[in-house]
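> Below are the chains, spelled out letter by letter.
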Amino acid sequence: MSKDLSGSKALSWVGQGLLYALFALFIGYFSTSPPYRHLAADQALIKLSFSLHGKLVSECRQRSPEELAKLPPNMRAPMDCKRERSSVTVEIDLDGAPVFRHVSIPSGLSKDGASTVYQRFPVVAGEHRVVVRLKDDQRAAGFNYSREATVTLLPGKILVIDFNLEKGGITLI
Amino acid sequence: MSMSDRSHIVEQSVGLRFYLRLEHGFDAFFGAELNPWRHLGALGFLLFWIISVSGFYIYAVLDTSVEGVYQSIAWLSREQWYLGGVLRSLHRYAADAFVVVTVLHLLREFLLGRFTGFRRFSWLTGVPLIWLIYISGIVGFWLKWDQLAQFSAVATAEWFDALPIFATPLTRNFLSAAAVSDRLFSLFVFVHIGVPLLLIFGLWFHIQRISRAEVLPKRALSLGTLAMLMVLSLAQPVTSQQPADLSLVPSQLGFDWFYLFLHPLMYVTSAGMLWALIVALTLFLFILPLLPHGRASAIARVHPDNCNGCRRCFDDCPYAAITMVPHTNGRPGMQLAEVLPDLCASCGICAGSCPSATPFRSGPELVTGIDMPQMPVSILREDLEERLEKLSGEQKIVVFGCDQGARVADLEERDVASLSLICIGMLPPSFIEYALRGGAAGVLVSGCRGCVYRLGNLWTEERLTGAREPHLRATVDRTRLTIAWADRGEEQALAATLTEFKKTLANTPAHHQIAPPKRMTAHV
Numbered sequence: 001m002s003k004d005l006s007g008s009k010a011l012s013w014v015g016q017g018l019l020y021a022l023f024a025l026f027i028g029y030f031s032t033s034p035p036y037r038h039l040a041a042d043q044a045l046i047k048l049s050f051s052l053h054g055k056l057v058s059e060c061r062q063r064s065p066e067e068l069a070k071l072p073p074n075m076r077a078p079m080d081c082k083r084e085r086s087s088v089t090v091e092i093d094l095d096g097a098p099v100f101r102h103v104s105i106p107s108g109l110s111k112d113g114a115s116t117v118y119q120r121f122p123v124v125a126g127e128h129r130v131v132v133r134l135k136d137d138q139r140a141a142g143f144n145y146s147r148e149a150t151v152t153l154l155p156g157k158i159l160v161i162d163f164n165l166e167k168g169g170i171t172l173i
Numbered sequence: 001m002s003m004s005d006r007s008h009i010v011e012q013s014v015g016l017r018f019y020l021r022l023e024h025g026f027d028a029f030f031g032a033e034l035n036p037w038r039h040l041g042a043l044g045f046l047l048f049w050i051i052s053v054s055g056f057y058i059y060a061v062l063d064t065s066v067e068g069v070y071q072s073i074a075w076l077s078r079e080q081w082y083l084g085g086v087l088r089s090l091h092r093y094a095a096d097a098f099v100v101v102t103v104l105h106l107l108r109e110f111l112l113g114r115f116t117g118f119r120r121f122s123w124l125t126g127v128p129l130i131w132l133i134y135i136s137g138i139v140g141f142w143l144k145w146d147q148l149a150q151f152s153a154v155a156t157a158e159w160f161d162a163l164p165i166f167a168t169p170l171t172r173n174f175l176s177a178a179a180v181s182d183r184l185f186s187l188f189v190f191v192h193i194g195v196p197l198l199l200i201f202g203l204w205f206h207i208q209r210i211s212r213a214e215v216l217p218k219r220a221l222s223l224g225t226l227a228m229l230m231v232l233s234l235a236q237p238v239t240s241q242q243p244a245d246l247s248l249v250p251s252q253l254g255f256d257w258f259y260l261f262l263h264p265l266m267y268v269t270s271a272g273m274l275w276a277l278i279v280a281l282t283l284f285l286f287i288l289p290l291l292p293h294g295r296a297s298a299i300a301r302v303h304p305d306n307c308n309g310c311r312r313c314f315d316d317c318p319y320a321a322i323t324m325v326p327h328t329n330g331r332p333g334m335q336l337a338e339v340l341p342d343l344c345a346s347c348g349i350c351a352g353s354c355p356s357a358t359p360f361r362s363g364p365e366l367v368t369g370i371d372m373p374q375m376p377v378s379i380l381r382e383d384l385e386e387r388l389e390k391l392s393g394e395q396k397i398v399v400f401g402c403d404q405g406a407r408v409a410d411l412e413e414r415d416v417a418s419l420s421l422i423c424i425g426m427l428p429p430s431f432i433e434y435a436l437r438g439g440a441a442g443v444l445v446s447g448c449r450g451c452v453y454r455l456g457n458l459w460t461e462e463r464l465t466g467a468r469e470p471h472l473r474a475t476v477d478r479t480r481l482t483i484a485w486a487d488r489g490e491e492q493a494l495a496a497t498l499t500e501f502k503k504t505l506a507n508t509p510a511h512h513q514i515a516p517p518k519r520m521t522a523h524v
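Going down the list, the protein sequences come from chains A and B.
Here the first sequence is numbered in our numbering, starting from 1 and rising by one per residue.
Here the second sequence is numbered in our numbering, starting from 1 and rising by one per residue.
Because the hints were derived from the structure by calculation, they are not lab data.
Every residue, glycine too, gets a C-beta built ideally from N, C-alpha and C.
Hints are not guaranteed to be accurate.
Coverage of chain B stretches by chain A, computed from C-beta distances (three or more under 8 angstroms per stretch; other residues unrestricted) [unchecked claim]:
no.	segment
1	93-100
2	149-162
3	165-179
4	230-238
Capping the alpha-carbon separation at 20 angstroms, the derived lysine to aspartate or glutamate pairs in DMTMM-like fashion look like this [to be verified]:
no.	chain 1	residue 1	chain 2	residue 2
5	B	LYS390	B	GLU412
6	A	LYS157	A	GLU127
7	B	LYS502	B	ASP477
8	A	LYS157	B	ASP245
9	A	LYS157	B	GLU158
One chain only, chain A, in its complex shape (with noise of 0.2 angstroms):
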């Protein structure tokens, strides 16, 4: 009784066998390919990232004994310290031209956390002269921390520029 005005059931199945093959192609096609390259191949990549807590933007004071009284017994800490922060500061030289200079701010509403960076700078590979300063004391003059080195980067290959105190500060990886 019920009539479908779709087409006659003879190709029907050689239809849907193709419409398959036709899904399968572009699902197997597309899972795999184009294939994507990141960088050119001459190209290596150099990263900047440190996580670090600035020196604190004042020195602890002393409390007087007058105002260790007025204080509660259980907060009476013999240090007033602020807690701020100072900003980072980071600059990056590459083959003695000024690449990268960012002024990292702390974390928080207190301004009491972390300064970070993350960069990446996509370099021609072969040997590069990398010059990295780092401030972070607000009362210092110039930058505390620095860092040179001739580094010979392959294609692909990417070099860390990281801040670890417990290993000299700035560190090339």
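Here the structure of chain A is known, so what remains is to put chain B in place on it, guided by the hints.
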């Protein structure tokens, strides 16, 4: 009021016309019932279950340590290609296909304008599912910890670091091999399993307002899809790329564009731009159903004096818009249908299911238990009578169609009368007998191939074949009835069916003349 007063006839945009051509092209091979375009949501469910089942096995052999995670996945493809390798490939290809059918499902519903009114809930609950699917999938890539995983994880971390919400950049977790710990992969596993669990919950929400939701495609379509994925898995097994090495930028990558396309997009624009795009698109999808979309159609109305609480409308409503409440007449145990306005699609399928919606009822006025104010069954009967009266010729034909499908008005001739209903499921079967007894030589019933209101053509077929109440009486000569499903734009094909039907009727012996209905005695 007459039937021509209705103003909700569906107009088609260019995009919709293009899409319908595509869908109809598939009908030629799959038939309307198995056309995958009409089952994209159900296909999504099927793919989700394939992903889940294959994922269980992969999880069983997964070693979540930094050293073991790559090896354990690679082992599946290398040493156990016949089981673990196939399941891994199925897992991946089904996940890719899941993205494709989800996007197509979204586009289809958008083109068909199915995001407003009673469909708003399904649309709004569907939007977050896109994100859950994406998150589930992309974390799966990271779990194999090859170079593709490394690239994707770092790119995603860089994308999130553009948001000012992390005290320490996520990218620091991938600065060097020393930064990656076993705990990271435990976290990935947690997300890769936890988010799909949320997805199940979301899917359940998504189909809440649909009765008889199709959570699996029809068997032939399910088997075809599974077979296709199996063949693909065997022909092109999924393998890992080189192990992750955080001291190197992955070189040329075999790239899964279904999930990872956001990364290249970010690198050619910026992380901020990508966030802006994604947030704007998501907001657009959320806001779309809330924008003004014209006048809503009148919803079904219950007439308590004519409702005996038979529950047929309750059973047949495609959107669970009818609930049964104690009858207002106070008789113990007797129920009354009640329409939930927010859920009502105004399709009229409930009117077609009502046993009181028979044109043979005597009385000055035909009032049914449940009816559509914009097209009451009484008007349908009057219209049928009028049009039958005006027909001339030996083979008078009555065509019942629907506003969503092929325009049956195009078929009108001196011996052909057409009546277009809101949905063909609104047609009480007794109208066919009424038309035949009123002088029609045959009745052609038409409607859209894949019912816009989901169940209209299915219920119609079942009612006309006697498999569902209210049924067409067995005494009605079936040779004088034909059903042809045709969408808007297929008027010519429907006309060809009508011509063929006329020829058949011409070769059919004259049917036994049953006395016309009392109301029509004067007309015939």
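> The structure should be examined with respect to each hint, and the outcome stated for every one.
Do the hints match the structure? See the list:
By the rule of at least three residues with a Cβ nearer than 8 angstroms to a Cβ of chain A, the coverage given for the segment 93-100 of chain B holds, with 4 such residues. Coverage of the segment 149-162 of chain B by chain A holds. Counting CB-CB distances below 8 angstroms, 3 residues qualify, and the rule asks for three or more. For the segment 165-179 of chain B, the assignment as covered by chain A holds, since 7 residues bring a beta-carbon within under 8 angstroms of that chain's beta-carbons and 3 suffice. Evaluation of the coverage hint for the segment 230-238 of chain B: fulfilled, as 5 residues show C-beta separations to chain A shorter than 8 angstroms, against a requirement of three.
Under the criterion of a C-alpha separation no larger than 20 angstroms, the hint pairing B/LYS390 with B/GLU412 is consistent with the structure, at around 12 angstroms. A threshold of 20 angstroms between alpha carbons decides the hint, and for A/LYS157 with A/GLU127 the separation of about 12 angstroms falls inside it, so the pair holds. Pair hint B/LYS502 plus B/ASP477 holds up; C-alpha atoms about 15 angstroms apart against a cutoff of 20 angstroms. Distance check on the hinted pair: A/LYS157 and B/ASP245 sit about 10 angstroms apart at the alpha-carbon level, within 20 angstroms; holds.
Between A/LYS157 and B/GLU158 the CA atoms are separated by roughly 18 angstroms; this keeps the pair inside 20 angstroms, and the hint holds.
Of the numbered hints given earlier, the model fails none.
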